[in-house]
Amino acid sequence: MRLNEIPVEGIPYDQLKIEKIPCAPAYAERAPELVSAGSRTVVVNPNRTCMPLGAMWAVLGVHGAIPFVQGAQGCATYVRYTFCRVFKEPATIATASFHEDAAVFGGRRNLVEGLRNLVVRYHPEVIGVVTTCSSEIIGDDMVSFIKLARAQLRQEIGPEQADRIEIVLVNTPSFAGSHLEGYDRASRAFVENMATVRDKPNGKVNIIPGLLYPGDIREIKHLLRHMGVEGIVLFDISDPLDAPLRPPQKFPYEPPGGTPAEQIRDMANSLATFALLPHAGQAGARYLERKYGVRAVVGPPPVGVQGTDQFLRTLSAVTGQPVPESLLDERGRLIDSLADTFHHTMMKKVAVMGDPDVVLGVTRFALEMGLEPVALAGGTASKTFTRDMSVILKEAGFTGDPLLLNGGDLFEFEEYLKKLPRLDLIIGNSKAVDIAKELQVPLVRTGFPVYDRFGYQKRAVVGYRGGEILLTEIVNSILGYQYPDDRTHQL
Amino acid sequence: MEMPVEVMPERAGHLMVKGAGCGGDGLPRCEQATLPGVVSQRACALYGARWMLAAVKDVLHLMHGPVGCAWNAVTVRRKSYPVAATCLEEQDIIFGGGEKLRRCIGEAVRLHPGAKGVLVYVTCAAGLIGEDVEAVCGEASAELKLPVAPVLCPGFCGVGQGDGHDAAAAALLEYFIDRGEPGPVLANSVNILGEFDIRGDLQEIEKLLGRLGLKIICAVSGRASVENLSRARRAALNIVHCRRTGRMMAEAMEKRYGIPQLKVSFFGLAETAAALQALGRFFHRDGVEKWVREEATAARQKAAPYLKSLAGKRVALFFGASRMGSMARVFQELGMELIMNGSQFGCREDYREAGRRLKRGALLVDDAHELELAEFLRRRRPHLLVGGTREKFMAHKLGVPFLVFPQETSPYAGFDGLVHLAREMAALLDAPVWRLARPSGESPAVRPVWPEEIKVAVASREGMYVDQHFGRAGKFLIFTLNGRKVRQIEVRESNGGAADCREKTAKASMEQKMALLADCRAVVCLAAGHCARELAAGKGLLIMETDAAVPGALDDCVRMLASEEVAENE
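Chain order of the listed sequences is A and B.
Once you know that position 486 of the first sequence is 486 in the working numbering, the rest is easy, because the numbers rise by one and skip nothing.
Once you know that position 443 of the second sequence is 443 in the working numbering, the rest is easy, because the numbers rise by one and skip nothing.
None of these hints come from the bench; they were simulated from the model.
Treat the numbers as computed from the prediction; the structure is a model and nothing was measured.
Incorrect hints may appear among the rest.
[Unchecked claim] Only part of the chain A face toward chain B is listed, based on derived beta-carbon distances under 10 Å:
id: 1; residue: Arg-40
id: 2; residue: Thr-49
id: 3; residue: Ala-72
id: 4; residue: Ala-103
id: 5; residue: Asn-110
id: 6; residue: Leu-111
id: 7; residue: Ala-162
id: 8; residue: Asp-163
id: 9; residue: Arg-164
id: 10; residue: Glu-166
id: 11; residue: Leu-169
id: 12; residue: Ala-176
id: 13; residue: Ser-178
id: 14; residue: Gly-203
id: 15; residue: Pro-252
id: 16; residue: Tyr-253
[Said to hold, decoys possible] A short, non-exhaustive set of chain A residues, derived as facing chain B with CB atoms under 8 Å:
id: 17; residue: Pro-46
id: 18; residue: Pro-52
id: 19; residue: Gly-74
id: 20; residue: Val-86
id: 21; residue: Pro-90
id: 22; residue: Thr-95
id: 23; residue: Ala-96
id: 24; residue: His-99
id: 25; residue: Glu-100
id: 26; residue: Phe-105
id: 27; residue: Ile-137
Ideal placement from N, C-alpha and C gives every residue a C-beta, glycine not left out.
Work out the full structure, taking the sequences as your base and the hints as a guide.
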């Protein structure tokens, strides 16, 4: 069934402009030897972005912190634009404003003057200095620049005030790794700089969530609360990037929440560190383990039944707290939903794209739903992705042979999907919109970034309740796709 | 005539209060590098180049740089465009990426056999390792028999995205326009430079040009392809719609091919009418005046129902660059008062045009950073801020409605565009969310309390809403606030008086009002002029501007008094 007209605008459907502008007028058979990303040099539509974004994300999760980007204005502005679109929140990120002079003489002046200006005008409590490809290529000696900047600040605003400001350097050369590694390096830089003393055990657990949304972090806190466990969430973006609107606002606007500095300092005293998404956060967890013997629990992502089970089981083992009835009920509700909807999800062909950890977590849950994965694309190349994925597929007894893309780009993913005899669903982020439109299959949005729909940053996919939300989304997408006329299928 | 924003010494001169006698020509300093360390709203040259070129069709867009630049460059003006990338990695940085670029161009063209050209964007990383991209592009072009155009837009070049516009324009000129076949002028055909077809603007413009019998060859870059760019040199006229993105091309084309140029704006009734009349004169069309007048009248009638919500509302603009002046006129045409105009990277000419449209006391600002904008919003409380997505959410957090321009919903260009703009703005200003967001909408338990008894004057006609301008108010309701008790004790009549600070009687009437309210701590009114503010500041009287219901406004006033108190103690 098709509507002939959009009632409000009065534009007939056939006159609607299709937004995707193809490089070539019509689809042409691709040179087969160039389809696989591994066999060519050029990358078409990358499925990952660069390190500084991950580091900026991390810094915004610290209370009173402002990222300072040692690079050109675009490095800060593009990321602010992305965060604004994803979170619908102001994203305060300062720029060193590199221009030709910095390219020739280096970024010393930009950093020293920049930190000074940032401090006197914006009064941050913590500054995360994030480097970029430019500063790394120029070879800026950031450590000594920061020392110099601090010395100047001590002179200008007095040693006491100047020393109260934490300045954490995160080296993020954009020409290596991806945004996940940027976050990973930030997790290590922050604990290395701030969690320097192990004195008295605090009985808490550290959680490094990785690039999970505010809704996910709230859900993790909900799990901790019900377990009776106190946690320190490092890079807690749940409040700063999902802040209430309650004018008149305290001025200047300071995003609420974020991980307080004193909590980060206390992280060496915790029982264990959970890095929920291994690629973004395990460096911090491993550092604490090596240096202070704080146990590191790296992954798996707490998505779906088994993922969440595993998280709670380990949490229970670490803290000695049993899993309470309330959470078992939540688990039961998710199981009930799985049972009630299985006939819709079973045997449906699904392709999953996104960051490797998200793809792993979501695929495991998809298998629990009886979905059949046909292509799994982790945007960032990883040493563990292929191995972990085959473990998950084996655990589910899945006998199919899905395409595994470890790294690679969306072009390869799209070309593969186009040749499949059948596909029912794509699960991934907004970068897969064009593919889903082209193939005319529904896209269930999850992971970073989602900027073409509202509200995905506010709801969880982790935990049992998050699982229910994701399950609902998947089932309803399948229903909408299979029965476009609602009158033919009333549950 | 105080500056509503705290200005760092390094930023001095970038902000100007109109009529404050700051010296010089009253225009802000501009076209300078952003101060390091602030939260700038500007972007980089690559951003500017993508803004200009993303929509060019039938061309492969290849980012020569690290993966992040390519990932970011996919989305431009809320649409996504496929991009290819070299994704420079560590070994390329060390050993050079020229060979990689050469291979990438070849492979990308093989993957997209229909491509009629390649645009190679040079990013910071590629610029810094000192690659001879132009040579690689030249070789690839000879080999592939396609135009392969380097766009020299490393992020660090120039002062902002504007320099990327120029780099993009240079690439289009040299590799696409100039390579077109020369030929006789195509009669009645025009190019539109600096028009990006946002939400259907170009169709609106095309409709109007169609009435003049004009055909669009290409719009850079709302409707640009290799084919139509190659015909662009045969146009009868270049219409420059955005000065910053269009003028450089227009000037080059005038010099090379003798195509005259005309700078117009199709936003707003007056500007659109003027544009069409100018085009009519250029192409010797008769009767243009008449139908333009009729169309404008019709549009005005269609917009009429919304004008009530817009009249007298204070609006602040913060744009990319050169729409400042022409858009200022549009908002004034709708009866709104412009209290700020600014841009990220405007030039002196843009500021001169914008400055002319400002009243005394309004702010003209160059390259404002986040905190300056926030301070302005707090101290001057505009009813609406107009700007880009990056400014939007801070405005919301401070309780100021926001309009995104370039727009998100319907076309704003042409006569019908103005109706869309008026309707959408009226809806924004009347949005129930702001009534709900007021603290008075929350539970009574959070009502603020002022420790001792104070008097507050409210400029209200009926006592329901704060609805009177300070200068025009004929009477003030005097309330005492004492703990939780709020009581109206009297009504003080004033002689009404001047609405405009420039009127001769203004000073005397303001003095009289100040004397009348001498025992009050604060006055709550719809709006107050700068002379009233100056007098009040001297007397320690707080002026709060609002259009809220009286009880809520009084609560807000107490909060504001409290926060001022805190600010003073700090």
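Hints, verified against the model:
1. A cut of 10 Å between beta carbons decides the hint on A/Arg-40: the least distance to chain B is about 5 Å, and the hint holds.
2. Below 10 Å, beta-carbon pairs count as interface contacts, and A/Thr-49 has one with chain B at about 4 Å; its hint therefore holds.
3. Against a cut-off of 10 Å between C-beta atoms, the interface hint on A/Ala-72 holds, since the closest Cβ of chain B lies about 3 Å away.
4. Annotation: interface hint on A/Ala-103 holds; nearest CB of chain B at approximately 5 Å, less than 10 Å.
5. At about 4 Å, the closest approach between the beta carbon of A/Asn-110 and any beta carbon in chain B falls short of 10 Å, and the interface hint on this residue holds.
6. At a threshold of 10 Å, the smallest CB-CB gap from A/Leu-111 to chain B is about 8 Å, leaving the interface hint in force.
7. Evaluation of the A/Ala-162 hint against chain B yields a violated restraint, the C-beta minimum of about 15 Å exceeding 10 Å.
8. At a threshold of 10 Å, the smallest CB-CB gap from A/Asp-163 to chain B is about 19 Å, leaving the interface hint violated.
9. At about 16 Å, the closest approach between the beta carbon of A/Arg-164 and any beta carbon in chain B exceeds 10 Å, and the interface hint on this residue is violated.
10. With its C-beta approaching chain B no nearer than about 16 Å, A/Glu-166 sits outside the 10 Å limit, and its interface hint is violated.
11. The interface hint given for A/Leu-169 is violated, since its Cβ lies 16 Å from the closest Cβ of chain B, which is over the 10 Å cut-off.
12. The restraint placing A/Ala-176 at the interface with chain B holds, with a minimum CB-CB distance near 5 Å, inside the 10 Å limit.
13. Hint status for A/Ser-178 relative to chain B: holds, with the closest Cβ pair at about 7 Å, below 10 Å.
14. Contact between A/Gly-203 and chain B, as hinted, is not supported at the beta carbon level, the nearest pair being about 35 Å apart and thus beyond 10 Å.
15. For A/Pro-252, the suggested interface contact is upheld, since its CB lies about 6 Å from the closest CB of chain B, less than 10 Å.
16. This hint holds: A/Tyr-253 has a C-beta 5 Å from the nearest C-beta of chain B, less than the 10 Å allowed.
17. Taken as an interface hint, A/Pro-46 checks out: its beta carbon lies about 5 Å from the nearest beta carbon of chain B, inside 8 Å.
18. Interface hint status for A/Pro-52: upheld, as the beta-carbon distance to the closest one in chain B is roughly 7 Å, under 8 Å.
19. The closest approach between the C-beta of A/Gly-74 and any C-beta of chain B is roughly 3 Å, which is under the 8 Å cut-off, so the hint is satisfied.
20. Taking 8 Å as the C-beta contact cut-off toward chain B, the hint placing A/Val-86 at the interface is violated, the least distance being around 11 Å.
21. Taking 8 Å as the C-beta contact cut-off toward chain B, the hint placing A/Pro-90 at the interface holds, the least distance being around 4 Å.
22. For the restraint placing A/Thr-95 at the interface with chain B, the shortest Cβ-Cβ distance is roughly 5 Å, inside the 8 Å limit, so the hint holds.
23. Interface hint status for A/Ala-96: upheld, as the beta-carbon distance to the closest one in chain B is roughly 5 Å, under 8 Å.
24. Contact between A/His-99 and chain B, as hinted, is supported at the beta carbon level, the nearest pair being about 5 Å apart and thus within 8 Å.
25. A least Cβ separation of about 6 Å between A/Glu-100 and chain B falls short of the 8 Å threshold, and the interface hint therefore holds.
26. Annotation: A/Phe-105 was flagged as interfacial toward chain B, and the flag is violated, the nearest CB pair being 12 Å apart, outside 8 Å.
27. Taking 8 Å as the C-beta cut-off, the interface hint given for A/Ile-137 holds, the closest approach to chain B being about 5 Å.
In terms of the numbered hints stated before, the structure departs from hints 7, 8, 9, 10, 11, 14, 20 and 26, listed from lowest to highest.
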